[in-house]
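*Asks:* So the chains spell out like this:
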Amino acid sequence: AQKVTQAQTEISVVEKEDVTLDCVYETRDTTYYLFWYKQPPSGELVFLIRRNSFDEQNEISGRYSWNFQKSTSSFNFTITASQVVDSAVYFCALINNAGNMLTFGGGTRLMVKP
Amino acid sequence: GAGVSQSPSNKVTEKGKDVELRCDPISGHTALYWYRQSLGQGLEFLIYFQGNSAPDKSGLPSDRFSAERTGGSVSTLTIQRTQQEDSAVYLCASSQDILAGYGYTFGSGTRLTVV
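Residue numbers (the working numbering), protein chains in the order written: chain A, 1 to 114; chain B, 1 to 115.
Just chain B, same shape as in the assembly (with noise of 0.2 angstroms):
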């Protein structure tokens, strides 16, 4: 597509369930990164994957998060167990190559709230 499209938009969930959020980047885009934004926070990176290489999980806040990128495009971000400190909006991007300095293009986020 033309742009970055993640879904759902908003998600509403009851602690202690699972969610799955999901990203599709723009088409030829390389390098697909997951950020979360806590109400009035700035961007937390969470996660990168490039290409075929193994990604970068470094700034997953606990193992009851993990994502998976198939086939080099769509990616699902799963929180397991969730809790109330989770709810946010998570950001995906992507980008053509960011080793050339190109810009990411996000998506509209998901807006994920834990009651």
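Bound-form chain A, shown alone (with noise of 0.2 angstroms):
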């Protein structure tokens, strides 16, 4: 069986305040991917990232960046230099290389004041 645990469930910062969005999983399969999703106000998901489980290389996208730990089944989205925009609820999602369906996790709602 598969689980996703975003421990977090609201953050609360100021604009320009670095924050992350933790996620950790299990799954007894050595093939895996892992997903970032954002989901604004507007209520549509959005894709943000995908990560396969073989590949631990730390990516960076403008003021966005994760951090792949298989060692701790961790998969953490960090935000820098937050802005009132970022504002949404943020999903990760684990699914393993036979699986037919996304595994997520119950989001994590983040609230950037200005």
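Don't take every hint at face value.
As the list claims (entries may be wrong) - Just a sample of chain A residues kept apart from chain B, beta carbon distances all over 10 angstroms, derived:
hint: 1; residue: Y64
hint: 2; residue: S65
hint: 3; residue: N76
hint: 4; residue: F91
Unchecked claim - Here are the computed lysine-lysine pairs in the DSS-like style, where the Cα-Cα straight-line distance is at most 27 angstroms:
hint: 5; chain 1: A; residue 1: K3; chain 2: A; residue 2: K70
hint: 6; chain 1: A; residue 1: K70; chain 2: A; residue 2: K38
hint: 7; chain 1: A; residue 1: K3; chain 2: A; residue 2: K113
hint: 8; chain 1: A; residue 1: K3; chain 2: B; residue 2: K15
hint: 9; chain 1: B; residue 1: K15; chain 2: B; residue 2: K57
hint: 10; chain 1: A; residue 1: K38; chain 2: B; residue 2: K11
Calculated from the structure, these hints are not laboratory results. All C-beta atoms, glycine included, are put in the ideal place defined by N, C-alpha and C.
Both chains are given apart, each in its own frame, so use the hints to dock them into the complex.
*Replies:* Here it is as structure tokens:
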């Protein structure tokens, strides 16, 4: 069975602060994929990143960065110099190579205040 | 179309009535998924279609829920005898090939309110 845990249900920061969203996963498979999605107030889920289990290299995209550590089964997401437009619910998700659906974490609601 | 299209965007129905929610996936995407998101909650898997294979219905919460996918494209999620606990946002997603680890593309959802 697969499980994704996002322990932080809600985070509030002030604009320009850095913030890290935690994601811990469980799977018995050696081949799997991890994802992050953003759900702004409009409701549509927006794909942010996909990472396969064999690629532990951290990734940076503008103000976003992801830290994948298999040793701790974590795939954390950091936003640097947060902005009000970053306010959204962020979901971490997992699928194994033979799976047919994404398993989502419960989401973290990020509120960035001006 | 360019994205996943869902209709209606909002639906208010009386308890006990049947509703149909529609999803038009991205052209060429073989996999289609329905998820449910209750207020302030995460995403709950409902059903999955892959090509012409039998759908994975393991997430449907009761026999009042059913879904079909015609011609490998448009899908309809039907909820019979709606209850207040069915109120949620119903999200549809499609994927080119989930076994290759592609992510899903989600629609904007249908917000269902049962009064």
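*Asks:* The structure should be examined with respect to each hint, and the outcome stated for every one.
*Replies:* Right, here's what the structure says about each hint:
1. Y64: holds (15 angstroms)
2. S65: holds (18 angstroms)
3. N76: holds (18 angstroms)
4. F91: It is violated; F91/A is separated from chain B by about 7 angstroms at its closest Cβ, not greater than 10 angstroms.
5. K3/A to K70/A: holds (15 angstroms)
6. K70/A to K38/A: holds (23 angstroms)
7. K3/A to K113/A: violated (31 angstroms)
8. K3/A to K15/B: Violated, at about 34 angstroms.
9. K15/B to K57/B: Holds, at about 24 angstroms.
10. K38/A to K11/B: Between K38/A and K11/B the Cα gap is close to 24 angstroms, so the pair holds against 27 angstroms.
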